[in-house]
Amino acid sequence: MPFSIRLLESIPENPVAGQPVLSPGYFRTKDNTVYYFTSVSDKNMAAGLGINLNEIDKSQNGIFSFDNMHLQREADSTFAEPLIRDTLAVPSLLKKIFSLFTILLSEAVISFGKGLSGWALFASFGLTLATVYGFVNFFSWRLLNGFQVVFMTIGILLLNSIYYGTGLFLGLDAWLNGYTAKFVSFYIPSIAAVNVICCVLFLITGIISTIRHKAWGTRE
Amino acid sequence: MKRVIQILGLFAFLTYLTCFIVSFTGIQTPELITGSNRTYRFDYSLLLFFNYIPAVLCSGFLISFAVVFGRSREATLNRFSNIMFSRYRIVIIAALIVVVFLTSVAQILKPLITARKKQLERQPYFFRDYMALAKQSMAENEPSLAFLYAERATDIDPGNEDAQRFKRQAEILEEAARADTVSDVPSADLPVVSDTSGWSVYQLLQESDKAAGAGDWFNAHYYAQLAVNLASPNDINLEPAKQAAAEAWNRLSAMGKLGNEQTQSFFSRKKDAYIALMSGNTLKAYYIFTDLAGSSPQNAADPDIKRYLALTEQKLRTQFFFIDETYDLQRFENIHDMYFCLRKKDGSRSVILIRGVTDIKSEGNLVRYLRQFTVYSFDAQGRFTFSCTVPYAKMLAEPVSFFSADTKEQTGLDDSFGQIPYILLRSVDRKKEGETISPEYQYAANAGKITDDCLILPMPYNDFKLIADAFAGPEQMDFFSLFQFVSKAARYGFSEEVYGQALVGRFLYPFLLLIFLVFLACIAWNYRISQQQVFKFSWIIILPVFTFIMFFVLNCIEYIFRMLNFVCVGLIGRQYTLTLALLVYIFLFFFVSSLFLSRKN
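Top to bottom, those sequences are chains C and S. Here the working numbering is used: the first residue of the first sequence is 1, the next is one more, and so on. Here the working numbering is used: the first residue of the second sequence is 221, the next is one more, and so on.
Because the hints were derived from the structure by calculation, they are not lab data. Be aware that a few hints might be false.
[Claimed, not checked] Straight line, CA to CA, 25 Å or less: simulated SDA-like cross-link-like pairs of lysine to any residue:
1) 95/C x 783/S
2) 95/C x 330/S
3) 30/C x 330/S
4) 95/C x 272/S
5) 708/S x 40/C
6) 30/C x 689/S
7) 564/S x 24/C
8) 30/C x 65/C
9) 214/C x 291/S
10) 565/S x 22/C
11) 43/C x 605/S
[Stated by the list, open to error] Taking CB as the label site, the calculated pair distances span:
12) 711/S x 41/C: 18 to 28 Å
13) 70/C x 711/S: 23 to 33 Å
14) 258/S x 187/C: 35 to 45 Å
Even glycine gets a Cβ: it sits at the ideal position worked out from N, Cα and C.
Construct all of the structure, not just a fragment, from the sequences and the given hints.
If you want it as C-alpha cells, here you go:
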C-alpha cells in the first residue's frame with residue numbers, strides 16, 4: 001500500500017529578520033548567473049556583483065554590480081543555499097525511481113477522492129505486491145528467490161507508475177471499459193485488471209512451488 | 221578463493237565484452253580524425269565498463285561467495301568458530317582485491333580515459349582551425365606562420381596527406397624566405413645584458429672600458445650607466461663609472477656631427493631611441509628602433525640597432541604585449557567563464573572574471589592569454605571601489621623575489637607564493653606607434669584613481685591551474701588537485717564544505733566498499749547454495765537482475781554517505797570529519813565483521 005510522509009513544519013518562505021539567508025564571500029549559481037555577495041545585512045540586503053553566463057551577454061561583458069539586492073529563500077527549493085542544492089542533488093537514477101513513487105502518491109490522493117471503488121481499484125497493486133511473496137520458493141537457490149522478489153516488486157511498481165504517468169494504456173482502457181460497461185457502472189482502469197491477473201498468476205505459482213518444495217524437498 | 225577470482229573475472233570479462241560489442245556496433249561516433257575511430261570506441265567501451273563495474277563486481281562477489289560457502293564441507297556449529305575466521309580471511313583478501321581495483325578505476329583510470337575521450341572529440345575542430353590558419357597565413361605571404369600552423373595540424377593528424385603536403389609546401393617556402401633574410405642581413409652581435417643581477421659594478425665598468433676600447437660608445441655608455449645605477453653611494457667604483465658614462469656620452473655627442481646629413485640624421489634618431497630606452501620610455505624606443513631597422517637592410521644590419529632593438533623588445537615584453545599575439549586565440553581556449561576572488565589582509569577583495577583562457581604550451585604553460593579579463597574591487601565593507609576591463613590580457617609567471625618589499629606589502633605578496641601571476645593589461649601594435657588597447661577603469665565616486673597597465677595577483681601561480689580544474693566540479697577533479705584545492709577553496713570564493721565533502725567521500729570510498737563487501741559476504745552466507753545443488757545454466761539469465769539491483773543499492777549508499785559527509789564537514793570541519801568518519805567506518809567494519817564471524821549453520 002502506498003504511504004505518504006508529511007512535513008511536520010514547513011520551511012518559512014520569508015527569511016527571518018536578523019538571520020541572513022546566505023553568507024557573503026562565495027560564488028553561487030542561479031539561472032545561469034553567478035552571484036557574489038560582498039556583504040549581506042541582517043535585513044537580507046546584499047551588495048556584490050553578478051556574472052551572466054549567457055552567450056548573448058558575453059559580448060557586453062555580462063557583469064553587473066548591485067548594492068541593495070533583497071535576498072529571498074527560493075519557494076520551490078528544498079535548499080536555502082544553492083551551494084548545498086548543487087552538491088546534494090539526487091543522482092539521476094534515484095531521481096527517476098523517486099519520481100515513480102511521486103506519481104503513485106499523487107494518484108493515491110486522486111483515487112481516494114473517487115470513493116471506495118476508485119480507491120480499491122488503485123490499491124489492487126497492493127494485492128499483487130503481497131502475492132510476490134509466493135516466489136520465495138520458486139528457485140532452489142534462496143539468493144535467486146530473494147532477488148526475484150525484489151525485482152518483481154520493482155516491476156509492479158514500475159508498471160503501475162507507467163500506467164498512471166503516461167498514456168500508454170489508453171487503448172487498453174477503452175477496449176476494457178467498452179466490454180465491462182455492460183456489467184458495471186464505474187470506470188475500470190486496465191491496470192487494475194492487469195494487477196488482478198498478475199495476482200492470480202503469482203498466487204498459483206506460489207502455491208505450486210510451495211507444494212513442490214514441501215512434497216519433494218526440491219524448490220523448483 | 222580461486223573460484224571467487226574466477227567468477228569475478230568471468231563477470232568482469234562478460235561485462236566488458238558487452239560494453240565492447242555495444243561500443244563497436246551500437247554507437248554513432250562523432251566526427252574524429254583519421255585513424256582514431258578505434259581508439260574512441262575503445263575508450264567509450266572502457267567508460268561504459270567503468271560505469272557498471274562496481275555493481276557487477278559487487279553482485280559477482282555476492283554470488284561467488286554464496287557458491288563458495290555452499291560448496292564448503294566444513295560444518296560451522298558455533299559462532300566465532302575457527303572455520304569462520306579462515307573464511308573471513310578469504311573474504312577480506314577478495315574484498316581488498318576488488319576495492320583496490322575499483323578505487324583505481326574511480327580515482328585514476330576513469331578521469332584519464334574521460335580526458336582522452338574529450339581530447340579525441342576536440343581534435344577535428346583543432347585540426348580544422350590549424351589548417352584554416354595555415355592556409356590564411358600562406359595567402360597572406362607568411363610562410364613561417366603557415367608552416368607552424370601546418371605542423372600543429374599534422375601533429376594532431378599525422379595520417380592526413382593533404383595536411384602533410386601543405387606542410388611540405390610551407391616548409392619549402394619558409395626555407396626560401398629564411399635564406400633571403402640571411403643573405404641580406406649580416407650576423408648580429410650578441411645582445412647587451414638587460415639584467416644586472418649577477419653582475420658587480422666593477423665587472424660592468426670593465427665591460428664599459430672594453431666597449432670604449434673598441435670604439436663602441438653606445439655600449440660603453442650603456443654599461444657605465446648600468447654600473448652607476450647599480451653602485452651604492454659609498455662604492456669606490458661609482459666615480460669611475462660616472463666618468464666613463466660621461467666620456468662615452470661626450471663621444472656619442474661628438475659622433476653625431478660626423479658624416480653627411482643622412483648619416484647624422486640616422487645617428488640622431490638612433491641616439492633618440494637610446495635616450496628613450498635609458499629614460500624608461502621603452503615603447504618610444506621600440507618604435508624608433510623598429511622604424512630605423514625597417515627603413516633599409518643596412519640600417520637593420522647596424523650592430524647598435526640590432527643589439528638595442530633586441531634589448532628594447534625584451535624590456536617591452538615585461539610591460540606590454542603585441543596585439544597580434546591574440547589573433548585567433550579564442551578558438552583554442554581551454555577554459556571558459558572562470559571566476560574567483562582574492563582577499564587582502566585589510567579585508568578588501570577583488571573578484572576576477574575571465575571569459576576565456578588560452579594556455580601557450582610551447583612556453584611550458586607559463587604564459588596564458590586571458591580574454592575579456594575583468595577585475596571588480598571592493599573595500600572591507602563590501603563597497604565597490606573600482607573595476608578594470610580589457611579585451612585581452614597576458615599572464616606571466618614572475619617570482620615573488622622579483623618585487624620590492626614595498627610592492628609586496630602593497631599587493632599582499634607572500635614569499636611562500638614562489639611564482640605569482642603577473643598580468644599585462646595593455647597591448648600595442650607591433651609596428652604602428654599609438655595603436656594600443658588599454659584597460660578601461662571605472663571608479664566609485666570617492667575612490668582613488670588607478671591607471672596601471674600591469675596587475676599583480678597575490679596568489680601562487682599554480683593556484684590558477686587549480687581553480688581552473690575546480691570548474692570541472694569536485695567529482696571530476698583529480699584526487700591530488702582536489703586535495704590541494706580544498707584548503708584554499710574558501711580563499712578564492714568557493715565552498716570548502718562542497719569540495720571538502722567530495723574529498724572526504726573520495727578518500728573514504730575504499731573503506732565504504734570494504735564494509736559493503738563484508739556485509740555482502742554475510743548475505744552470501746545466509747543465502748548460500750545448498751551443498752548438493754548443481755549450478756544451473758538457466759540461472760545465468762537471472763544474473764543481470766542482480767547487477768541492476770546492486771547498481772541501485774550502490775547509488776543509494778553513495779548518496780546517503782555523501783549527505784552524511786557534507787553534514788559532518790559543515791558541522792565539525794574537514795580534518796575532524798576525516799577522523800570521525802574513519803572512527804565510524806572502523807566501527808562499521810568491526811560490526812559487519814562480527815556479523816560475518818557470528819554466522820553458523
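Consistency of the hints with the structure:
Taken as a hint, the residue 95/C and residue 783/S pair is honoured in the structure, with Cα atoms around 15 Å apart against an allowance of 25 Å. Simply put, residue 95/C and residue 330/S have alpha-carbon atoms about 24 Å apart, close enough for the 25 Å limit, and the pair holds. Of the pairs offered as hints, the one joining residue 30/C and residue 330/S is violated, with about 29 Å between alpha carbons and a cut-off of 25 Å exceeded. Distance check on the hinted pair: residue 95/C and residue 272/S sit about 18 Å apart at the alpha-carbon level, within 25 Å; holds.
Restraint check: the Cα-Cα separation between residue 708/S and residue 40/C comes to about 23 Å, which is no more than 25 Å; the hinted pair holds. With a CA separation close to 21 Å, the supplied pair residue 30/C and residue 689/S stays within the 25 Å bound. As the CA atoms of residue 564/S and residue 24/C are separated by approximately 16 Å, the hinted pair is consistent with the 25 Å bound. At roughly 16 Å between alpha-carbon atoms, residue 30/C and residue 65/C fall within 25 Å of each other, so this suggested pair holds.
Only pairs whose Cα atoms come within 25 Å are accepted, and residue 214/C paired with residue 291/S is accepted, the gap being roughly 23 Å. For the given pair, residue 565/S sits about 23 Å from residue 22/C by alpha-carbon distance, which is consistent with the 25 Å threshold. Pair hint residue 43/C plus residue 605/S holds up; C-alpha atoms about 23 Å apart against a cutoff of 25 Å. The hinted range of 18 to 28 Å is satisfied by residue 711/S and residue 41/C, whose Cβ atoms lie roughly 24 Å apart.
A hinted range of 23 to 33 Å holds for the C-beta pair residue 70/C and residue 711/S, which are about 28 Å apart. Checked against the given bound of 35 to 45 Å, the beta carbons of residue 258/S and residue 187/C, roughly 57 Å apart, lie outside it.
When the structure is compared with the earlier hints, violations turn up for hints 3, 14 and for no others.
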